[in-house]
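Protein chains: 2
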Amino acid sequence: MDSSDIERKRVVVIGGGLVGALNACFLARRNFQVDVYEAREDIRLATSARGRSINLALSYRGRQALKAIGLEDQIVSQGIPMRGRMIHNLSGKKSVLPYGTNSQYILSISRKNLNKDLLTAVETYPNAKVHFGQRLVKCNPEEGRITVVGSNKIPKDVTCDLIIGCDGAHSAVRTHLMKKPRFDYSQRYIPHGYMELTIPPRNGAYAMEPNYLHIWPRHTFMMIALANMEKSFTCTLFMPFEEFEKLRTSSDVLNFFKEYFPDSIPLIGEQALGEDFFLLPAQPLISIKCSSFHLKSRCVLMGDAAHAIVPFFGQGMNAGFEDCLVFDELMDKFNNDFSLCLPEFSRFRIPDSHAISDLSLYNYIEMRSHVNSWQFLLQTSIERFLHALMPSTFIPLYTMVTFSRIRYHEAVLRWHWQNKVINRGLCVFGSLMAMGGVYLLVSYISPRPLGYLRRLPWTGNRFFWNMGRISLQTLRSH
Amino acid sequence: MDSSDIERKRVVVIGGGLVGALNACFLARRNFQVDVYEAREDIRLATSARGRSINLALSYRGRQALKAIGLEDQIVSQGIPMRGRMIHNLSGKKSVLPYGTNSQYILSISRKNLNKDLLTAVETYPNAKVHFGQRLVKCNPEEGRITVVGSNKIPKDVTCDLIIGCDGAHSAVRTHLMKKPRFDYSQRYIPHGYMELTIPPRNGAYAMEPNYLHIWPRHTFMMIALANMEKSFTCTLFMPFEEFEKLRTSSDVLNFFKEYFPDSIPLIGEQALGEDFFLLPAQPLISIKCSSFHLKSRCVLMGDAAHAIVPFFGQGMNAGFEDCLVFDELMDKFNNDFSLCLPEFSRFRIPDSHAISDLSLYNYIEMRSHVNSWQFLLQTSIERFLHALMPSTFIPLYTMVTFSRIRYHEAVLRWHWQNKVINRGLCVFGSLMAMGGVYLLVSYISPRPLGYLRRLPWTGNRFFWNMGRISLQTLRSH
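As given, the protein sequences belong to chains F and H, one line each in that order.
Each step along the first sequence adds one to the number in the numbering used here, with nothing skipped, and position 424 is 424.
Going from the second sequence to the numbering used here is simple: count from 1 and add 1000.
Check before you lean on any hint, since a few could be wrong.
[Said to hold, decoys possible] With a straight-line cut-off of 20 Å between C-alpha atoms, the simulated PhoX-like cross-links for lysine-lysine are:
1. H/Lys1179 to F/Lys179
2. H/Lys1067 to F/Lys179
3. H/Lys1289 to F/Lys180
4. F/Lys179 to H/Lys1009
5. F/Lys289 to H/Lys1258
6. H/Lys1289 to H/Lys1009
7. F/Lys138 to H/Lys1296
8. H/Lys1179 to F/Lys289
9. F/Lys180 to F/Lys94
10. H/Lys1116 to H/Lys1067
11. F/Lys138 to H/Lys1179
12. F/Lys289 to H/Lys1289
13. F/Lys179 to F/Lys289
Bear in mind the hints are in silico, worked out from the structure with no lab data behind them.
Please work from the sequences and hints to get the whole structure.
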């Protein structure tokens, strides 16, 4: 496609949220005529934020996408680095589990500010325009025709060469694809809901260490807290709906927090806790998979519209941003040819989106339960040890997902392989330790050990001594 | 609920297909005011059948539902009994696999005639009415309000106490439930499509044995044929879409049939085959699961609207009819109280619908591939033998699903248990046979067998002789 062809091509992006706005930047950079239709009003003009949102954690994949459009530094400067998980035990004791090496961290980001910055970035391109308050009411994805309705209630028809659905988990574009034959789709609500609470600043400063993701893991439920730029923390309580329903009065809530999150009560404030808990009911969490992501060479889904995931790996926004980056890379590869790009995007991206969806569900169990177990700590220590030894061969799952662009589905395959290696290694190690124990015991009881053992008195001792030392080091290494 | 309360209650059934019409009969019998809204015109007046449909196989569950409204004998008299599968091998050799005992059979039924009879049955109730050509355009399931539009294009609002969505796999009622929070849903298209062909009567008679379900199993694809009352057969070819796409001309089709279904060519007719194959493209097959089936005490889904399944167990209609029967049984149990019936219907019926959905997918593999293997024939023989021995303890899967009302999910559990028992039994049996073989060999080679074997010369021979006889009988018993 030569440059004049590209300038004549019109791309419509449905949704001016994070993924929609970022995508508009990518496409505007390629000189397409880009129109973004957003149902809500311009959030830069809105006085109050509508609805709530789980805090965002920006990591490598999202940063790489922002870097590609030259926004990484600006966005990162407004984030708060989180270097690990800070586990709050029932007793109030806190312990740190680093996310990676000393130089690796994720960033706590304000969704609203990020969205504002991205919208402003779109508007720097003369060939891109964001139309606010314009709701999609009809969509003919096969022919590239849409109808939007604004505040004047008069439907407006728009034709274009490509429709990109970035309109979130409850995507209107996707509902039109669903009617087409052979479109696979699943939506699943997990039995747990979430509720947001706030830890206000204390004397103008953070009330807890800001550079960690705070977790109160309680096996069947958990609370987390992420720092905001204005020195407060946003806490999110994840819990089965039936447990939420048991808490009917302020005193129920207070008793529940006294039992499970006692150290958080002075931080949130007793009165605020009793009131804020009943401001909004617990919100549901949905997991959406679909296939394929495109229809012919006219329509494609990205972000939550293609793969809404639960928030427990902090990858929702990052996966959506990586969608835009992957699509941009394919546009390079296929010289802006939609008829080649779109099928390849589906083929390439669907296994990855399914993988991060499953990993996100898995990570809820890890966060709320495993982080408290010695097996998990042992496993983590061994992984960190092996990663230090063989940095490119052996990479902990969290590192692959959060600090690399290894394809999500490959990360899952490597993770399974690594677990197998560790488990086999532990078996061998355990057997050797047991044999060593027996040898030492026999040596201790009898001054003259059995004949065949006598042949390796010194080397044997030395070997088992070293094995023990290595294993202790491994345990201590985190 | 006393009888005058019931007579004041209004139930709206969306869809006048098989399940909708049957359901209307059940509800009219309970004296509710029943209105059925069907988007199409009255099929009893239509001159041509629109669309195609896979043949129906009526079995026990469906018959029990028809029996409850007094229609069983009438419907059964219009069906053609099928006593087993008739397998067509590549060489043209045919073999029979009975479905159950001599008295057990399923019935090949015309969808159109059954639907006509059911609609006529609805109209025998003075308190029930079917409104044809009335399409659902709006639905407020929480408040029991719907809007339908007829040929005059004027929307009509209807309020009622209960909305029952029996509007098939692409249910409009379900799309309204999907918008409600915590409604789980999945739709999956299998990679295979289907195409219908016809074997016309030969000299006014059936061209093949009518009392069997004919199968041409070819591992990755298959063709089946069911007899019609007018002496023809409807063949259905199930095959991956990519294989369908390879057949572009009449001669491609003919060559394909010569290679895989040679004995069917003279039956279908060479010319008809080449033409009919291109009348319609291969049709997709969808599998739909959702949860829950109801919303509050106002709306409930039944039949394909709740659980569209692939047709390979012949249970689509039977499961839908059993929905109506189960609901009717719950209405008895809870004295027509919707607020108790609806949640219980979801709780009770969802595991069963998920089970028959999975079984139907499994049975495709059994039909197109397993039926040709000696392991399957051995397994089937053992199952039949054990069933004859212990009729209530050991029941083959097909019998549980097709000839009983054992709950589908219980049938799956029992099937897994039975398979485990058979496999363990085969291990023991195999070991005994091997030991017997060794014993006989040793006896044959040496006139004086080893000392410890000499102790059981006669009983040993006798035992292994009997084991062999029993196993041969088992193999021959079907």
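- 20 Å Cα cutoff - pair H/Lys1289, F/Lys180: holds, 18 Å
- Query: Straight-line Cα separation of F/Lys289 and H/Lys1258 no greater than 20 Å?
  - Reply: violated, 41 Å
- Is F/Lys179 close enough to F/Lys289, meaning Cα to Cα at most 20 Å? It holds: about 16 Å lies between the C-alpha atoms, which stays within 20 Å.
- Query: Do the alpha carbons of F/Lys180 and F/Lys94 lie within 20 Å of each other, as the hint requires?
  - Reply: violated, 52 Å
- Message: So if I understand the rule, the pair passes when the alpha-carbon distance is 20 Å or less; does F/Lys179 with H/Lys1009 pass?
- Response: violated, 35 Å
- Query: Going straight from one Cα to the other, do H/Lys1116 and H/Lys1067 come out at no more than 20 Å?
  - Reply: Holds, at roughly 17 Å.
- Query: Taken at face value, is the distance from the CA of F/Lys179 to the CA of H/Lys1067 at most 20 Å?
  - Reply: The given pair, whose Cα atoms are some 37 Å apart, is violated under the 20 Å limit.
- Quick one, are F/Lys138 and H/Lys1179 close enough, alpha carbons at most 20 Å? Holds, at about 18 Å.
- Under the criterion that the straight-line Cα-Cα distance not exceed 20 Å, is the pair H/Lys1289, H/Lys1009 satisfied? violated, 30 Å
- Message: Between the alpha carbons of H/Lys1179 and F/Lys179, is the straight-line distance 20 Å or under?
- Response: Holds - the C-alpha atoms of F/Lys179 and H/Lys1179 are around 16 Å apart, at most 20 Å.
- Under the criterion that the straight-line Cα-Cα distance not exceed 20 Å, is the pair H/Lys1179, F/Lys289 satisfied? OK: H/Lys1179 and F/Lys289 at ~16 Å, within 20 Å.
- Item | Given pair status - H/Lys1296, F/Lys138, alpha carbons within 20 Å | violated, 31 Å
Hints 2, 4, 5, 6, 7, 9 from the earlier list are contradicted by this structure; the remaining hints agree with it.
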